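Per numbering that gives the first Met the number 0, the very first residue in the sequence shown carries number 0; after that it's consecutive.
What the hints contain is simulated information worked out from the structure, not anything from laboratory work.
The model shown is predicted, which means the values in this text are computed figures rather than measured ones.
Keep in mind that a hint or two might mislead.
[Unchecked claim] Label-pair restraints from in silico Cβ distances: (1) Asn58 - Ser36: 20 to 28 Å; (2) Asp37 - Lys62: 39 to 47 Å; (3) Arg4 - Ser34: 40 to 48 Å; (4) Phe38 - Ala8: 26 to 34 Å; (5) Ala8 - Ile48: 18 to 26 Å; (6) Tyr14 - Phe38: 20 to 28 Å.
Virtual Cβ for every residue (Gly too), placed ideally from N, Cα, C.
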Amino acid sequence: MLTKRKTTAGKWLVYVGLWIFAAGFAFSEFNGLESMSDFLESASVPLIINGLLMIILSNFFNKKGSDISS
0 MLTKRKTTAG KWLVYVGLWI FAAGFAFSEF NGLESMSDFL ESASVPLIIN GLLMIILSNF
60 FNKKGSDISS
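Taking the hints into account, I'd like the entire structure generated from these sequences.
What follows is the structure, encoded as structure tokens:
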């Protein structure tokens with residue numbers, strides 16, 4: 000329902016951004032796993048930020064008003 004108003008590029012940005020955010024959150028120290036490597040913990044913050052930026056940028060890829068109704 001929410002993706003009807005987005006272009007194809009906007010849909011891709013949302014889905015890929017959501018997966019990148021989820022991967023970054025899974026590797027972060029917020030979930031309480033102790034056996035994570037230092038590389039994954041240090042890579043988690045940039046993954047979370049990039050995922051959020053992609054989701055925010057997808058809001059600028061909207062269809063025009065006449066294209067939404069069809």
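Evaluated hints:
At about 34 Å, the CB distance of Asn58 to Ser36 disagrees with the hint of 20 to 28 Å. Checking the proposed 39 to 47 Å range against Asp37 and Lys62 shows it holds: the Cβ atoms sit about 44 Å from each other. Here the CB-CB span from Arg4 to Ser34 is close to 43 Å, well matched to the stated 40 to 48 Å. For the pair Phe38 and Ala8, the beta carbons lie near 31 Å from each other, so the given range of 26 to 34 Å is met.
Look at Ala8 against Ile48: about 20 Å separates their beta carbons, and that is inside 18 to 26 Å. Between Tyr14 and Phe38 the CB atoms are about 26 Å apart, so this pair conforms to the stated range of 20 to 28 Å.
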